[in-house]
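Starting from the known structure of chain V, fit chains Z, A and L onto it as the hints suggest.
Protein chains: 4
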Amino acid sequence: MARLQIKEGMDMLVSRSTNNGNTQVRVRGCVIGGEQLAIVAGPCAVENEEIMKETAFKVRGSGANILRAGAYKPRTSPYSFQGLGEAGLKILARIGEEMNMPVITEVMDAEDIAVVTDYADILQVGARNMHNFSLLKKLGKINKPIVLKRGMSATIEEWLLAAEYILAGGNSQLILCERGIRSSEPWTRNTLDLAAVAMVKEMSHLPVLVDPSHATGVRSLVTPMARAAIAGGADGIMVEVHPHPEKALSDGDQSLTPRGFSQLMKEIEPVARAVGRRAR
Amino acid sequence: MARLQIKEGMDMLVSRSTNNGNTQVRVRGCVIGGEQLAIVAGPCAVENEEIMKETAFKVRGSGANILRAGAYKPRTSPYSFQGLGEAGLKILARIGEEMNMPVITEVMDAEDIAVVTDYADILQVGARNMHNFSLLKKLGKINKPIVLKRGMSATIEEWLLAAEYILAGGNSQLILCERGIRSSEPWTRNTLDLAAVAMVKEMSHLPVLVDPSHATGVRSLVTPMARAAIAGGADGIMVEVHPHPEKALSDGDQSLTPRGFSQLMKEIEPVARAVGRRAR
Amino acid sequence: MARLQIKEGMDMLVSRSTNNGNTQVRVRGCVIGGEQLAIVAGPCAVENEEIMKETAFKVRGSGANILRAGAYKPRTSPYSFQGLGEAGLKILARIGEEMNMPVITEVMDAEDIAVVTDYADILQVGARNMHNFSLLKKLGKINKPIVLKRGMSATIEEWLLAAEYILAGGNSQLILCERGIRSSEPWTRNTLDLAAVAMVKEMSHLPVLVDPSHATGVRSLVTPMARAAIAGGADGIMVEVHPHPEKALSDGDQSLTPRGFSQLMKEIEPVARAVGRRAR
Amino acid sequence: MARLQIKEGMDMLVSRSTNNGNTQVRVRGCVIGGEQLAIVAGPCAVENEEIMKETAFKVRGSGANILRAGAYKPRTSPYSFQGLGEAGLKILARIGEEMNMPVITEVMDAEDIAVVTDYADILQVGARNMHNFSLLKKLGKINKPIVLKRGMSATIEEWLLAAEYILAGGNSQLILCERGIRSSEPWTRNTLDLAAVAMVKEMSHLPVLVDPSHATGVRSLVTPMARAAIAGGADGIMVEVHPHPEKALSDGDQSLTPRGFSQLMKEIEPVARAVGRRAR
Numbered sequence: 042m043a044r045l046q047i048k049e050g051m052d053m054l055v056s057r058s059t060n061n062g063n064t065q066v067r068v069r070g071c072v073i074g075g076e077q078l079a080i081v082a083g084p085c086a087v088e089n090e091e092i093m094k095e096t097a098f099k100v101r102g103s104g105a106n107i108l109r110a111g112a113y114k115p116r117t118s119p120y121s122f123q124g125l126g127e128a129g130l131k132i133l134a135r136i137g138e139e140m141n142m143p144v145i146t147e148v149m150d151a152e153d154i155a156v157v158t159d160y161a162d163i164l165q166v167g168a169r170n171m172h173n174f175s176l177l178k179k180l181g182k183i184n185k186p187i188v189l190k191r192g193m194s195a196t197i198e199e200w201l202l203a204a205e206y207i208l209a210g211g212n213s214q215l216i217l218c219e220r221g222i223r224s225s226e227p228w229t230r231n232t233l234d235l236a237a238v239a240m241v242k243e244m245s246h247l248p249v250l251v252d253p254s255h256a257t258g259v260r261s262l263v264t265p266m267a268r269a270a271i272a273g274g275a276d277g278i279m280v281e282v283h284p285h286p287e288k289a290l291s292d293g294d295q296s297l298t299p300r301g302f303s304q305l306m307k308e309i310e311p312v313a314r315a316v317g318r319r320a321r
Numbered sequence: 042m043a044r045l046q047i048k049e050g051m052d053m054l055v056s057r058s059t060n061n062g063n064t065q066v067r068v069r070g071c072v073i074g075g076e077q078l079a080i081v082a083g084p085c086a087v088e089n090e091e092i093m094k095e096t097a098f099k100v101r102g103s104g105a106n107i108l109r110a111g112a113y114k115p116r117t118s119p120y121s122f123q124g125l126g127e128a129g130l131k132i133l134a135r136i137g138e139e140m141n142m143p144v145i146t147e148v149m150d151a152e153d154i155a156v157v158t159d160y161a162d163i164l165q166v167g168a169r170n171m172h173n174f175s176l177l178k179k180l181g182k183i184n185k186p187i188v189l190k191r192g193m194s195a196t197i198e199e200w201l202l203a204a205e206y207i208l209a210g211g212n213s214q215l216i217l218c219e220r221g222i223r224s225s226e227p228w229t230r231n232t233l234d235l236a237a238v239a240m241v242k243e244m245s246h247l248p249v250l251v252d253p254s255h256a257t258g259v260r261s262l263v264t265p266m267a268r269a270a271i272a273g274g275a276d277g278i279m280v281e282v283h284p285h286p287e288k289a290l291s292d293g294d295q296s297l298t299p300r301g302f303s304q305l306m307k308e309i310e311p312v313a314r315a316v317g318r319r320a321r
Numbered sequence: 042m043a044r045l046q047i048k049e050g051m052d053m054l055v056s057r058s059t060n061n062g063n064t065q066v067r068v069r070g071c072v073i074g075g076e077q078l079a080i081v082a083g084p085c086a087v088e089n090e091e092i093m094k095e096t097a098f099k100v101r102g103s104g105a106n107i108l109r110a111g112a113y114k115p116r117t118s119p120y121s122f123q124g125l126g127e128a129g130l131k132i133l134a135r136i137g138e139e140m141n142m143p144v145i146t147e148v149m150d151a152e153d154i155a156v157v158t159d160y161a162d163i164l165q166v167g168a169r170n171m172h173n174f175s176l177l178k179k180l181g182k183i184n185k186p187i188v189l190k191r192g193m194s195a196t197i198e199e200w201l202l203a204a205e206y207i208l209a210g211g212n213s214q215l216i217l218c219e220r221g222i223r224s225s226e227p228w229t230r231n232t233l234d235l236a237a238v239a240m241v242k243e244m245s246h247l248p249v250l251v252d253p254s255h256a257t258g259v260r261s262l263v264t265p266m267a268r269a270a271i272a273g274g275a276d277g278i279m280v281e282v283h284p285h286p287e288k289a290l291s292d293g294d295q296s297l298t299p300r301g302f303s304q305l306m307k308e309i310e311p312v313a314r315a316v317g318r319r320a321r
Numbered sequence: 042m043a044r045l046q047i048k049e050g051m052d053m054l055v056s057r058s059t060n061n062g063n064t065q066v067r068v069r070g071c072v073i074g075g076e077q078l079a080i081v082a083g084p085c086a087v088e089n090e091e092i093m094k095e096t097a098f099k100v101r102g103s104g105a106n107i108l109r110a111g112a113y114k115p116r117t118s119p120y121s122f123q124g125l126g127e128a129g130l131k132i133l134a135r136i137g138e139e140m141n142m143p144v145i146t147e148v149m150d151a152e153d154i155a156v157v158t159d160y161a162d163i164l165q166v167g168a169r170n171m172h173n174f175s176l177l178k179k180l181g182k183i184n185k186p187i188v189l190k191r192g193m194s195a196t197i198e199e200w201l202l203a204a205e206y207i208l209a210g211g212n213s214q215l216i217l218c219e220r221g222i223r224s225s226e227p228w229t230r231n232t233l234d235l236a237a238v239a240m241v242k243e244m245s246h247l248p249v250l251v252d253p254s255h256a257t258g259v260r261s262l263v264t265p266m267a268r269a270a271i272a273g274g275a276d277g278i279m280v281e282v283h284p285h286p287e288k289a290l291s292d293g294d295q296s297l298t299p300r301g302f303s304q305l306m307k308e309i310e311p312v313a314r315a316v317g318r319r320a321r
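Protein chains in written order, with our numbering: chain V, 42 to 321; chain Z, 42 to 321; chain A, 42 to 321; chain L, 42 to 321.
Bound-form chain V, shown alone:
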């Protein structure tokens, strides 16, 4: 297996050798990278308070321990819904408070770091910004956990080097998230690369989540891939849940209903135990 070295004899900060044991990121009572899996769930975007609250209440009831939703949305088309911005952050933070769940949301722009930091417990770098080194450098200077998604066609090496940008800046509260890479298969949105998760777990001390919703883009594949991710060694999953997927402003096709999410939780519990972890 390749070595992660800065130079001969000096290993990178992401390298397993530089940290005894696995990094555990702690946030509001949750531990990411411990025996208990991180179960991150929520709608693609904050659409309004009611939907956010309903979703949060239900996913928490089924066993999610972290709430997710986007206020700033990286959309391929400038004419698509771009997210509610700070108004969305406020809703997300309020619901997180009420439900006593840490919240995670994406930051797309360095100039939004301050406002996102005010409201969110964990900041997410989306796949489209994994190579945005300016943003990564700035996130290395803040004191909040970061989730770094793998770029759409990023190699494992590039992903780990993007992580290194954040660690080298001084922020060690870092979580990786695999969300599929581009391939020539058109029936899934991306190709979920679980071997990359196993390889990163072997090479690095960082916790790794898997997002089966973006990876597949197909609702019925989310639960099987959540089971596979956990069996393969992931430290948790990140799943899109919407009370009415057919009316969602984005990513409806891949969102589980709350009932579907509840079923997912039932299915991953025995798998988690089979690999020495707990789902809740």
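Since the hints were derived computationally from the structure, they do not count as laboratory data.
Please read these numbers as outputs of a predicted model, since none were measured by experiment.
It cannot be assumed that every hint is accurate.
Intra- or inter-copy, both count: the list cannot distinguish identical chains.
Unchecked claim - Here are the simulated lysine-lysine pairs, DSS-like style, with alpha carbons at most 30 Å apart:
(1) Lys185 x Lys99
(2) Lys288 x Lys178
(3) Lys288 x Lys242
(4) Lys178 x Lys131
Using the frame of chain V, we list chains Z, A and L on its own:
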């Protein structure tokens, strides 16, 4: 999800709708596609009787129920070891007999179908021949089970249509095998596409195996990906095992030792139970 | 640039070093790999004598020097038109004779080599069979020129090694043909890789054609990519032409009309001269 | 061919239908998108004044009309040379002034837009930032021409939608640049997609450049691919030139020497004429 139709109102033979329940392929007491997983193990190639026997003895002891090894090897270079041919088939068949294990081996050429059929219990179409429609048509006419590996960059649709060639010929003893597709990730040999397995299981009645050895090309990833495959819904795995991987004539880097295979079996047993299957 | 070696100090037969100058394949008065470009044109499949004759007459009039059409068609679905077989070969050979043009057609199966050799001047190995090493070995033993298309996701190295199978068998009348590789771009059928052509021309003595029809799958892109191919160093092009593309039994979307082909020829002539070649 | 629509009956701003004729971007006497090709040349990074000056002097002498070099470098590793920043911009601007050549340089971060705008004539968005929609929105508000490189695995549609972000912001001085996409071919750095250039030229009124240096990553392929790009319809090329490639701080393997660049210019001139353009 896409429909698999010959024409409006007429579903393809691979389609789940054309077969009540799941296809089960039975061969010498083994059932592929039933509650018990198919565990196919053995060296990449038949090298000699001694290695074949040692490997078979050990993998059977750990719980493998089908023996694999190649006598005709599709090698990228004409100067690489091309397999022992019929001499290899004889060794394989003899060891299979002694160990009471059905044997599976690749057929690369239509003119070898007769001889391979004489010695093997299951014929494999390798990834490089998935689009070899002449071969597929001829395999549709024989009365032996076939394992059809997914092509190196084949889409799910193309894979199912290749299967349709065999079913349309009249041979319904068909097993699919995912072995990774090409992507831009260089640290693994291919990119294992477990979402394709879940999608095929949903769309088709055919059993699906996963080959984590060829999919990853990295020994330490084989066991985690075997666990993931089973949790994701695969009907079994196909794994390369060699008593001395460092001396193997092909694919040594991805071969498990017998001891590594024994560890794999220990790890997949609880995962199999977690999804309602049995590993042995 | 990588070395093409059998072992230390011994270059492969495809390697430029093993042949002083460029290989020229001569067939019925045509030279492939010389100053004059090889212009191969014709319908995807032999459909009937009338269409074949009309197409041949018109493409010859516009400057094509080799006629192409398939009698054995590798089709993704078993329910698609599979070609006319030997009846198609007869039509193709007769028209080639009448028009005094060498004909090229695909061989999909080793058992058809004899019959295809009887009728065709040049045998084509399609992209789906580039890794069919059994077929390649047998084509290394015949005395007819071969066109070896690059596999759908074959690397340059694998393509050259497939060529080596044929050369190592003793057949040195070999022509390569780039036809696009799979990528994640969905608006073209494949991604035409002209850098591969330039690289192969640098590394090997073999002539290289480009098939812009299969590479793009889009009629309006065929002529620009034919120009680009020639400017980039290709030794010729292979283009699908059909008198009524909208009625073609296969590949209509990418077929030029005879009038479109005539326009293509007008556009490539000055480009050919700009790089020291002749289009007719 | 796909339609570029905002909604039924309303075409996107990038669409050819919204602009009679081709967009021409004019900057300091240069026209990009006119009969004369844009020839952009220079080192990967501004390293120091001497190298910059030598390169500029020589590429101008050979016929380059725009000077390029990076002051902010998006580097995969945080430990690689990151560029000289504003000091580099000053050098670049000064040499551009002296040589009377407009200069182009990359902006990686929205907070650098003001300073880059002060020094550069054209701002480049690199492949890694094509999906950085926050940056694109801000560049839609400035009054300087933008070069938008295609993302590393961006589809043609995503590339055009990224362009739409800039046009929708009000900045119509936009130039596209194809620089290769990721594929499974390892011998070139990326896979140059010239069919995408031809397709974009057909669908959109925007000028399109091609960067054969980043596309191939191999020095000897730069000139053949520059010829191919121009024959295929590109409006110009962007080429890395360094007086001592073996000592370059980045991208030395793909940089031409000034002598190599002079040869490139000689070779593209007749190709340009063959397609009705001028190289100088």
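Going through the hints against the structure:
1. For a Cα distance limit of 30 Å, the shortest separation of Lys185 from Lys99 inside one copy, 26 Å, qualifies, whereas the shortest one across copies, 50 Å, does not.
2. Taking the shortest Cα distances, Lys288 and Lys178 sit within 30 Å of each other only across copies (28 Å), while inside one copy they are farther apart (37 Å).
3. Proximity of Lys288 and Lys242 under a CA criterion of 30 Å is satisfied inter-copy only: 28 Å between copies versus 37 Å inside one chain copy.
4. Proximity of Lys178 to Lys131 under the C-alpha cut-off of 30 Å is found in both arrangements, the shortest distances being 26 Å within a copy and 24 Å between copies.
Every hint, counting from the list given before, is met by this structure.
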